[in-house]
Each structure stands twice: as C-alpha cells, then as structure tokens.
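Asks: Please build the complex by placing chain H on the supplied structure of chain F, with the hints as guidance.
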Amino acid sequence: MPDAILVVVEQREGKLNRVSWETIAGGQAIAAATGWTLDAAIVGENGSALAAEVAAKKVTKVYAVESPKLEPYTPDAFAAALKQLIAAKQPKLVLMPHTYQVRDFVPKLATAMGRTVISDCIGFKHENGKLLFTRQMFQGKLAADVSFASEAPWFATFQNGAFRGDQAEAGASAAAIETVKVEITDGVIRNKPQDVFKEAKQAVDLTQAEIIVSVGRGIKEQKNIEMAKQLAEALGGELAASRPICDNGWLPMDRQIGSSGQTVAPKLYLALGISGAIQHIVGMKGARTIIAVNKDSEAPIFEIADYAIVGNLFDIVPPLTEEVKKAKAGS
Amino acid sequence: MPSANCQLLIYTDKFAARNSYVRSNVLKILVCMKQVPQKDAPLKLNDAATWIREDVSYEVNEPDAFALEEALRQREKHTGEVVVITSGPARSQQVLREALAKGADRAIHLEDNAFVGLDAFNTAKAFAAAIKDEKFDLIFTGLQSDDYGYAQTGVILAELLGWPHATIIMHIEKNETSIRVKRELEAGFFQYVDMPLPAVLTIQSGINKLRYATLIGIKQAKNKPIRKVALAEVQAAIGENLQKIERLYVPEKTKKTVHIDGTPAEIAKKLVDKLRNELRVL
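Chains F and H, in that order, are what the protein sequence lines are.
Everything in the first sequence is counted per the working numbering, starting at 4 for the first residue and increasing by one.
Everything in the second sequence is counted per the working numbering, starting at 1359 for the first residue and increasing by one.
Looking at chain F on its own, in the form it has when it is part of the complex (with noise of 0.2 Å):
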C-alpha cells in the first residue's frame, strides 16, 4: 500500500472552516509531488453531514470520527479521537490548518504518541525524495526548511494563506466515506468549556473600508495616534492597529487586525510603523495595495510591501497628510 497523508479538516459550529480548503490543497500538491494517497479526516459529532462536501473534492477517503465526547470541543477529546483513528490508518503524514482550535490540541496529540508537529508552515519543497516544510522564523525575518527526524506518523500544520482554498481539486467522483465511532473513556476529558461568545459588539466593521491606515509599536506613543487619525481622515479611511496598541489600550480591539483581531483585504493598506509580525501579516496579506513605512529596512513588513518607504514615520506622516488633502481640495 502506497504511503497515506491524512487532512484533518475543522468545523466551526456546523460549517468547514474554510482554512481546511487550503490545507486541502496543500495536501493535494503533496500527494502530486509524492505520489502518496490522500485522506481526510472531519472530527466531530455531526462529522457526516459536511464529509460529503469534502468528499467531492479530489481525496481517496473521509473518515468522519464520531463520539458524542467531541461535543464541545476539548483538547483531551479530539487528541484521544484522532489518536485512535491514526493508530488505526496508519497514515504517514497528517496535515491540519494552523488554527487556533489546532494549536490547542496537536502538540498534544503527536506528543501523546511520541511524536512531533512541524508547526505553521507556509509551504513545502520535495528535494531528492525528502520532504521539508518551510516556515516562518524569528518573526519572519527569516524561513527555514524543515525536516522530520522521526518515524511516521508526521505531523505539519499549514498556516492560513499557505495554499489557496479555491484552487482545491475536485474529484471525479466522490469519495467514500467511512463512519469511525471512537470510544472516549470516562475521565478522558478534564476541561469543561461553557460557550462561546463574542464580546461587546464591534463599532467598526474594517472589513468593509476601503483604505485602512494601521499603525503598530513604531507609532511609539498613544499621543501620536492623532497624527495616523488625520491621515486616515484625509484619505478618507478606517484606523486601524497591529495587536501591542490595542493591548496597550492605545485603540479598542475592534480596530485590531490580525490573527486574533480581524482579516481584511481592502484596496489600499498604509502600514505605519508595522513590523510586519506573521500574526499581523495574516491578517491584512490580501490587501490589493500595501504601503509600508519603518524605519527598520529589514522589517518583515517590506517582504510584502507593493510601496516601501525606509524612515522616520514621524517625518513622512505629516507632510503626506498635507498633500492628501492638497490633492483632494484640487480635484
């Protein structure tokens, strides 16, 4: 039997989380470069219903892994679930998104089986029949090729953005779809979780503006925030921050973007004094224009950056705000 990969998919109250599309895709190009086969896997209590979407996609198989203990998530849980269907597929490398949900129980799960997660890569590279995952380090100043230096099974999560969800290969036909009952003992599951609930309702939808100027540590000062509002004004944008000012109290969390705070994509994103940490970078990478200034010109930020400006953001913020606003009065 050829080697296996296994996706394991992620719901989010009844729905796939699109994430699990991309890693789908990143699952598909590694079963092309590799030849091995590929699986998915969708764990919970009502895993059958959405296994029949995943299984039009190009996989060979869907295990939807079933006990009434995977209701509400826990890490203990989903651990001891998938352990048992790993245990008994066998697969070579197993494959998730690099979620929230996923970081609380993969460490878990490949320690428990005496192995280890190649975490939140951005890619892979298949050289002379050695697979290495590539990711993000020292804040994405730097990336490294990864190996394993264990036995199977591998795992590897796959950062958001990684692969692109709309580019997941349908299949043929559908997939089989296996039913896994798992057995969740008494005494397994420690956590109690209550719900989950959205704080105090957002002010601002940024998802929706246009133009965001974003401001992050370089704006060094909660005084100076002014001067990034007035450009924001003049530009006729939504302000908006990197995580340490909202923490800071500087601006509400509803103005944060990121992975914690909100992903957006408008035409134009003006990053002042951003250094362009991955948490952040997840969250704004799909603006169709990114303008970047900081005075450090190796901050990760510029990787991505369509326009750079190396320098003082305290020099460059306010003479651009007065010929935004020259420039709106003309027209």
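It cannot be assumed that every hint is accurate.
Simulated restraints, written as ranges between beta carbons of each label pair [to be verified]:
no., chain 1, residue 1, chain 2, residue 2, range
1, F, Gln-170, H, Arg-1605, 19 to 29 Å
2, F, Asp-198, H, Lys-1493, 45 to 55 Å
3, H, Leu-1403, F, Glu-130, 14 to 24 Å
4, H, Arg-1449, F, Ala-268, 13 to 23 Å
5, H, Ala-1407, F, Ser-51, 45 to 55 Å
6, H, Pro-1447, F, Asp-208, 43 to 53 Å
7, H, Phe-1548, F, Glu-48, 14 to 24 Å
8, F, Gly-117, H, Glu-1434, 22 to 32 Å
9, F, Asp-208, H, Lys-1614, 29 to 39 Å
10, F, Ser-300, H, Arg-1449, 43 to 53 Å
11, F, Lys-298, H, Asp-1413, 19 to 29 Å
12, H, Glu-1624, F, Ala-268, 42 to 52 Å
Because the hints were derived from the structure by calculation, they are not lab data.
This one's a predicted model, so the numbers in the text were calculated from it and none came from an experiment.
Cβ atoms here follow ideal geometry from the backbone N, Cα and C, with glycine treated the same way.
Replies: For chain H alone, coordinates are given in the frame of chain F:
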C-alpha cells in the same frame, strides 16, 4: 552538595509544608520564560546556515513577560510562590534576573548552549525533568516564542506531566480546587473553560499591564536563589530532536516592491501621485 542547593532545599520544604497545609489558598506557579533576539535586532546567519549568529542583543520573549506578570498577580491575590525557569547559555540568566527583580521568588536555569538547539518536544522534556521534585499548581508559558514560533512547548509539557491545559488565555480566576480561564478564539470570539488543578496555561500578550522592576526589587533579586541545572542532569530525559532545521535563509521575496526615496516632502508628493494616478484611490 553545593551550598546554593542546600539553601534551596530548605526554601522549597517551607513551601511544600505550607502547600499541604492550606493548598486551596496558596498557588505555586512555574513560569517558563525564554530569551529571544531583540525585535529589531539585525540577524545574520551562522556559517552552516542552520542558526543565527549569536552576537545579537537579546530580550525576554514578550508573551512570557505577560505570563510572568499574570503569575505575580495571582500570587498577590492568593499568596504562594512564583518560580521562573529558562534554558539556554549563561546570557539567558538575564531573563531570570529580570523576573526575580519584578518579584519572582526563585529561578531555575537549565544552563547550556545545547538547549538552544532543542526542539519543543525535548525542551519540554528537559523542563519536566528539572521540576520532577516540585509540586506546582500551575505552569504558565507565553503562547509562543518570537524566535522559533512553534507555539507548542506548553501543551507538550502538559501532556508529559499528564495535566490538562488551555491555550491563549486572557483571564484566570481561581476557585476552591479549580480554575476558570478565558480562552481567546479566532476572529474576536472567546470562551470560558473550567478546569482542575494542576494545569498548564499558555498566556496571550495583553492579558494584563506589565510592571517595571523597582530599585528595591532589583536589590532583593541579588539574594534570591537561582538553581542551575546542567545538561548532564537532564540528559537522560531528552533524546534526539524529532525535527531538524536543514537550512535557515532570508525568505525569498514573492512581491516586487518599489522603494520610494527622497526627503519627506518628496516622498509625500511621489506617494500622492501613485495614490491618485496608479491606485486611483484619491
């Protein structure tokens, strides 16, 4: 036995006694901390291109600073003890010194350059071995490190110890024998989770406001014990790394970036020209 260890034994015994006496009112917390290159430090690759050259400035991994702050706040509320642990060469002791100056009671330093190259699995194993004679109620880590960025060590440590865990924590409330934590989920969602003690929590940046070390704190830190653990002491617990960095490199650029240079006034004019004529957003 070296005298530092004797002093430490007496110290822990005192707390062990207190722990068994009124355990529900006392919290003994371990905070795992890491020294990482400073955020804007220019990084250079070593000759083998497998790691960075170590001649850079270092600082405390930011989420770990929030983990320490949370531990100090919990101790202030419930009394108990805050112990900090790190692994790495002599330079990494600075992280422990700063933590002691901020109010941690004592420190454990797994001191060897070899610890820098361990994967998350082995780092967690080394920590577990170093604390095997301790009885903590809680272990905190930052949610991830700014160097490797695995986001795994805390969860692996929980599994090795057989403890429950919760990740990306924004609030902690202790009840009689359990805790209620607030987990941050994606896209602005949250969730409260009740869990028994002992437990491992990975702490999110921004859970609290960091304190500064006071002059008195810095003075007092000099007399606080740092237990040094040599590689040999935990060697038996760790094995070969399960994953290997084959090469480290400056990322390949996928986007064509246009640099805009000049005086601030020139840059402003050039940018507005692009905004108007190329991007058509003005």
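Asks: Broken hints, numbered, in rising order?
Replies: Violated: hints 2, 4, 8, 10, 12.
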